[in-house]
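Respectively, the protein sequence lines represent chains A and B.
For the first sequence, our numbering gives the first residue as 1, with consecutive numbering after it.
For the second sequence, our numbering gives the first residue as 220, with consecutive numbering after it.
Hints should not be assumed to be uniformly reliable.
[Claimed, not checked] Straight-line Cα separation of at most 27 Å, BS3-like style, residue types lysine-lysine; simulated pairs: (1) A:Lys-74 to A:Lys-41; (2) B:Lys-302 to A:Lys-11; (3) A:Lys-183 to B:Lys-319; (4) A:Lys-11 to A:Lys-203; (5) B:Lys-405 to A:Lys-11; (6) B:Lys-319 to B:Lys-344; (7) A:Lys-183 to B:Lys-281; (8) B:Lys-281 to A:Lys-11; (9) A:Lys-11 to A:Lys-183; (10) B:Lys-319 to B:Lys-281; (11) B:Lys-302 to A:Lys-183; (12) A:Lys-143 to B:Lys-302; (13) A:Lys-108 to A:Lys-203; (14) A:Lys-11 to B:Lys-301; (15) A:Lys-108 to A:Lys-11; (16) A:Lys-183 to B:Lys-301; (17) B:Lys-301 to A:Lys-143; (18) B:Lys-301 to B:Lys-319; (19) B:Lys-302 to B:Lys-319; (20) B:Lys-281 to B:Lys-267; (21) B:Lys-395 to B:Lys-271; (22) B:Lys-392 to B:Lys-281.
[Unchecked claim] Restraint ranges, calculated between C-beta atoms of paired labels, are given here: (23) A:Tyr-22 to B:Glu-273: 53 to 59 Å; (24) A:Gly-73 to B:His-304: 47 to 53 Å; (25) A:Pro-192 to B:Phe-350: 38 to 44 Å; (26) A:Pro-161 to B:Val-300: 28 to 34 Å; (27) A:Tyr-22 to B:Glu-349: 50 to 56 Å; (28) B:Leu-404 to A:Pro-192: 27 to 33 Å; (29) B:Glu-273 to A:Glu-45: 56 to 62 Å; (30) B:Ser-307 to A:Gly-130: 17 to 23 Å; (31) A:Ser-131 to B:Ser-307: 21 to 27 Å; (32) A:Leu-204 to B:Asn-250: 24 to 30 Å; (33) B:Asp-272 to A:Gln-129: 45 to 51 Å.
Source of the hints: derived by calculation from the structure; they are not laboratory data.
We put the beta carbon where it would ideally sit given N, CA and C, even for glycine.
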Amino acid sequence: MAIFSVYVVNKAGGLIYQLDNYAPRAEGEKTFSYPLDLLLKLHDERVLVAFGQRDGIRVGHAVLSINGVDVNGKYTAEGKEVLEYLGNPANYPVSIRFGRPRLTSNEKLMLASMFHSLFAIGSQLSPEQGSSGIEMLETDTFKLHCFQTLTGIKFVVLADPRQGGIDSLLRKIYEIYSDFALKNPFYSLEMPIRCELFDQNLKLALEVAEKAGTFGPGS
Amino acid sequence: MSRPGNKRPEYHKIDWHLPAISSSASAHSMNRDLFVLTYGALVAQLCKDYEKDEDVNNYLDKMGYGIGIRLIEDFLARSYVKKCHSYSEITDLIAQVAFKMYLGITPSVTRNESSRNEFSLILDKNPLVEFVEELPAGRSSLCYCNLLCGVIRGALEMVHLTADVTFLQDRLKGDKVTEIGITFLKKLEEKKYRRKK
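Whole structure, please, built from the sequences with the hints as guidance.
Right, dumping it as structure tokens:
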């Protein structure tokens, strides 16, 4: 669980492969009665919790499903607006599931190209010639490691800050890419990778890296 | 807290438990004859399909190009080479590392004195022509190993270098040695911001 995701970005900045490796935290479904003691707001086509954190429901969590039926952005499955629905006391008691909103694939594409641009800016900002570009981005909850090959492909791994051995994992992913994606004669270069063998071997490599690399507590 | 300047390769080896199919090319033990025969069958079929020698040479080069653009990643992934800063470094790398890794031979590198960007690889032994005595009559301008030229050209292009790669001499055509000439053309620069002084 210590390696969260893998992104592969091609030369033009487009995302050609993405894998999420984290198990979602248990999102409980809870029953609520009117009035709702959480403050909800609409943000980016999603209904998020703005205030009123309690019981595992945190600020920033999105409404995932109402009464067992998944919501569609800011609308319920029937097409009614979620905020309107939850504002009507006649619909209560209602059971809502909250959780961390997942990134849609469009958002991932956008983030990957943004990272590609930042990477290019990073290598130009360097006071020394021939900079390698962004190798690591560190935050308190994760570390982003990036490896750019001499041909321009970037392999990006998001992992736990205590996870070690990511450098060799990035090299291993490069080998797996050259083996199972490139050597597949029906795979065209720079296109999204849809090779079963690549998936399988990548997941195996992630498992091995997780076991071998974590040195911190709680591994 | 500063990170070390140069990344040193990690010395504690991790056993990746991956199937043998992904071992490096130099550790492959495949019957070499099979490979040589497959290549021969390929060239023979192309000769049947196309009358003109130039056509066959072109197609071999194109196929080689398709192989080269993929093989380069395999080469870079397994050989841990650093970025090269001169054409002679690159040619040395091709001769001593790449050829060794994929064909098991080490051609020698000579450099054309008159120009900065022309180099030749002299192949002493060529495993691809092990079973070929001479070119058939009527095929005197066939470059049997033109696939190799395409491979080198494709591989260089993926690391942003354009080059002209041809056979300058060929033992099969009666010359004394087999020589591959690499002429580096304009470097394809990635868009770099240049401050005008």
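Here's how the hints hold up against the structure:
1. A:Lys-74 to A:Lys-41: Holds, at about 10 Å.
2. B:Lys-302 to A:Lys-11: Since the Cα atoms of Lys-302 of chain B and Lys-11 of chain A sit roughly 17 Å apart, the hinted pair holds (cutoff 27 Å).
3. A:Lys-183 to B:Lys-319: 20 Å, holds
4. A:Lys-11 to A:Lys-203: 24 Å, holds
5. B:Lys-405 to A:Lys-11: Holds: Lys-405 of chain B and Lys-11 of chain A sit about 20 Å apart, inside 27 Å.
6. B:Lys-319 to B:Lys-344: 12 Å, holds
7. A:Lys-183 to B:Lys-281: 17 Å, holds
8. B:Lys-281 to A:Lys-11: Given pair Lys-281 of chain B, Lys-11 of chain A holds - Cα atoms ~22 Å apart, limit 27 Å.
9. A:Lys-11 to A:Lys-183: 18 Å, holds
10. B:Lys-319 to B:Lys-281: Holds - the C-alpha atoms of Lys-281 of chain B and Lys-319 of chain B are around 23 Å apart, at most 27 Å.
11. B:Lys-302 to A:Lys-183: 24 Å, holds
12. A:Lys-143 to B:Lys-302: Since the Cα atoms of Lys-143 of chain A and Lys-302 of chain B sit roughly 26 Å apart, the hinted pair holds (cutoff 27 Å).
13. A:Lys-108 to A:Lys-203: 20 Å, holds
14. A:Lys-11 to B:Lys-301: 19 Å, holds
15. A:Lys-108 to A:Lys-11: 16 Å, holds
16. A:Lys-183 to B:Lys-301: 23 Å, holds
17. B:Lys-301 to A:Lys-143: 25 Å, holds
18. B:Lys-301 to B:Lys-319: 18 Å, holds
19. B:Lys-302 to B:Lys-319: Answer holds: Lys-302 of chain B to Lys-319 of chain B is near 19 Å, not above 27 Å.
20. B:Lys-281 to B:Lys-267: 18 Å, holds
21. B:Lys-395 to B:Lys-271: The hint holds at about 25 Å.
22. B:Lys-392 to B:Lys-281: 22 Å, holds
23. A:Tyr-22 to B:Glu-273: 53 to 59 Å: 57 Å Cβ-Cβ, so the 53 to 59 Å window holds.
24. A:Gly-73 to B:His-304: 47 to 53 Å: Holds: the Cβ-Cβ distance is about 52 Å, inside 47 to 53 Å.
25. A:Pro-192 to B:Phe-350: 38 to 44 Å: At 42 Å between Cβs, range holds.
26. A:Pro-161 to B:Val-300: 28 to 34 Å: Holds: the Cβ-Cβ distance is about 31 Å, inside 28 to 34 Å.
27. A:Tyr-22 to B:Glu-349: 50 to 56 Å: Roughly 53 Å apart at Cβ, these two residues keep to the hinted range, so it holds.
28. B:Leu-404 to A:Pro-192: 27 to 33 Å: 32 Å, holds
29. B:Glu-273 to A:Glu-45: 56 to 62 Å: 59 Å, holds
30. B:Ser-307 to A:Gly-130: 17 to 23 Å: Given a distance of about 19 Å, which is inside 17 to 23 Å, the answer is holds.
31. A:Ser-131 to B:Ser-307: 21 to 27 Å: 24 Å, holds
32. A:Leu-204 to B:Asn-250: 24 to 30 Å: 29 Å, holds
33. B:Asp-272 to A:Gln-129: 45 to 51 Å: Holds, since Asp-272 of chain B and Gln-129 of chain A (Cβ atoms, about 46 Å apart) stay within the stated range.
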